[in-house]
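Trainee: Sequences listed follow chains A and B, in order.
For the first sequence, position 9 matches number 9 in our numbering, and the numbering has no gaps at all.
For the second sequence, position 1 matches number 1001 in our numbering, and the numbering has no gaps at all.
The hints are simulated quantities; they were obtained by calculation from the structure and are not laboratory data.
Virtual Cβ for every residue (Gly too), placed ideally from N, Cα, C.
A couple of the hints might just be wrong.
[Said to hold, decoys possible] Straight-line Cα separation of at most 25 Å, SDA-like style, residue types lysine to any residue; simulated pairs:
id: 1; chain 1: B; residue 1: Lys1167; chain 2: A; residue 2: Ile181
id: 2; chain 1: B; residue 1: Lys1167; chain 2: A; residue 2: Ala73
id: 3; chain 1: B; residue 1: Lys1167; chain 2: A; residue 2: Thr190
[Stated by the list, open to error] To list a few chain A residues with every Cβ distance to chain B over 12 Å, as calculated:
id: 4; residue: Leu67
id: 5; residue: Ser84
id: 6; residue: Gly118
id: 7; residue: Val119
id: 8; residue: Asn271
id: 9; residue: Val337
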Amino acid sequence: MKNKQAFKGLAALAGGLAVSALMAGTALAQPAVIYDLGGKFDKSFNESSFEGATMWAEETGEAFLELEIQNDAQREQAIRRFASQGANPVVMAGFSWGTALGTVAAEFPETNFVIIDGVVDLPNVQSILFDEHTGSFLVGVLAAMTSESNVIGFVGGMDIPLIHKFYCGYAQGAKAVNADITVIESYTGTTPAAWNDPVTAGELARAASDAGADVVFAAAGGSGMGVLQMMADLGKYSIGVDANQNYMHPGSVLTSMLKRVDVAVYNSFMNAGDADTFTPGITVIGLSEEGVGYALDEHNEALLTDEMIEAAEDYKARIIAGEVEVHDYTTDSTCPV
Amino acid sequence: MSVLKPLPRWADVVLLPLLNLTLAFVVSGLVVLAIGQNPLHAMWAIATGAFGSGYNFGYTLYYATNFIFTGLAVALAAHAGLFNIGGNGQAYVAGLGVIAVALLLDGTHWIIVMPLAMLAAMLVGGIWAFIPGYLQAKRGSHVVITTIMFNFIAAALMVYMLNYVLKAPTGMAPESRMIAPDARMPRLAEFIDFFRHTPVNLSLFLAIALLVGVYYLIWHTKFGFALRTLGQNPTASRYAGFSNSKIIMIVMTMSGALAGLVAFNEVLGVQNRLVLDFVADAGFVGIAVALMGRNHPFGIGLAALLFGALYQGGNELQYVVPGLTREMVVIIQALVILFTGAMEGLFRPGLQFAFMLFTPEHKAEAMARESAGSES
């Protein structure tokens, strides 16, 4: 029975994609998006890219090219394939693309490339970075105000500076409202496989919970689903990441640290294909651009009190105004709290 | 029951693999059909994706290079009766040798780096296979168990090395820094414009030379005779005065050295740095390649080309038929491996029977037996 449903889903999916395939091949320069390891439907980072691309396709009525890679060694081939096929721009989300893109972008100076979360210093590459630390600060504020045990948790994906940046912002936000709070920090792994390991991530959430945490923030891509599930099973709170994950376990997911990869992909598809609107170099998206933030919708409005929202909005305004400074871990690889 | 006679050589080497391949494609076609895609369109996408242009063919040859190395590694060990399924780990660890040579000799020329990196790949890969060989020869630990366990040790070791020893100081990804452009192995694209933008490189010629070299080693040297004797009958080999344990250790080391050359191709010629998982299961594909090629270098060359085409064509499939996701591509590749490798004997009895019917003397014989059978 379950298999049958899965099969139906697959068939429907294949059908939908076949339509976009039929539409392909007519446009001159199609944009392309490449998903990182963890898969297109990770309900997080990659799915955000997909949603951004879909948003663009629905609005313009045109089709885009897409690809999921299977292992780290395929990165160069994937980018090169789209570039040699004439796709423009080629957008990829994930820091792991950096080296491969550096090689291929030099081979195809006429093609525009966009990398999200990484920096490649070439005239035909736009590097989009997010202020993850400020968005994480806000969810840290909400976590600390929710916690009754005075202990909150953090489960990261791969143990890299980028994810420490999430942690550091989160911890700063929590300590800003409650200086005595304890933040338990853990990471799922040291390889890209850590983005797609919900079992380990779930166990780390349980460990944090056993140590007293009643709110756990998952910044772990597809692995985060394990954290959300575990906290829901335990009857405690979790915080999602990247996409709005509030709907996954209503009543348990306190909020989601939004990182609008979808907006970045959408904007890239809109602008980066054309030499007039393409902006090479580093673009940083933060709170003021609504690129990061916390999610509030019908699934979590019962969990967030007016007082909490007020506090979060207050911090948000003060961070944008520069009155509150949130330390960015990646600038000096240290965290003040 | 009638006694089936062995197939003529041409049927064994050509017809049987072709039948297996056809069956694999038919079953794959059914799977493609089941998800609502046109199987002919998909097959065509694979074929053109593998051979359609210089770009596609270059990638096919690049994959085939790896599969020749691992196919030979499996075949050489198989002739000595050893089943080396640790090609993946041996190739993976060999990457350490290549990157060490390449980064230490940074700033020199590829003419110096290339031969040394090749030797380093063979040395490290060889050592990684020597240990299971030693355990088999001296302690009786079966190589099937030890080599596959060494794959896991290799994977863990490489994650550690990439994260804590070799990781480039600037990046977040677990990968080494890039090899200087002058030290990289030249790609064929630099001489032949047909292969533009493809990673196929000089190691292809090494692979072809090794096909000949391994053939010579197995069938035209004393050592080859010894290892084949061991493979056919260890007791006879012992009785003939060969030291079985010595042969086992030498063959395993050579097998590991051959597998290690995957790192030579990937690290020095393609990725130009050490990355996670660069072997991409070439070691396991090598088993299927050796099986399909009947452990003969000529067959291995052809089978490697076929699997190279499948890998490249399969990748291409995702671009051309977007409904086929990466999981589908893996299913198709797996079916081909299943039918041409693991179940290669599926058609053998039927084919043998058919041959008996269609060869005049056999036909008469079979008819006689049939009638005798029905009368009794």
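Trainee: Confirm or reject each hint.
Mentor: Hint check:
no.: 1; hint: B:Lys1167 x A:Ile181; verdict: violated (35 Å)
no.: 2; hint: B:Lys1167 x A:Ala73; verdict: holds (16 Å)
no.: 3; hint: B:Lys1167 x A:Thr190; verdict: holds (12 Å)
no.: 4; hint: Leu67; verdict: violated (6 Å)
no.: 5; hint: Ser84; verdict: violated (6 Å)
no.: 6; hint: Gly118; verdict: violated (8 Å)
no.: 7; hint: Val119; verdict: violated (10 Å)
no.: 8; hint: Asn271; verdict: holds (24 Å)
no.: 9; hint: Val337; verdict: holds (22 Å)
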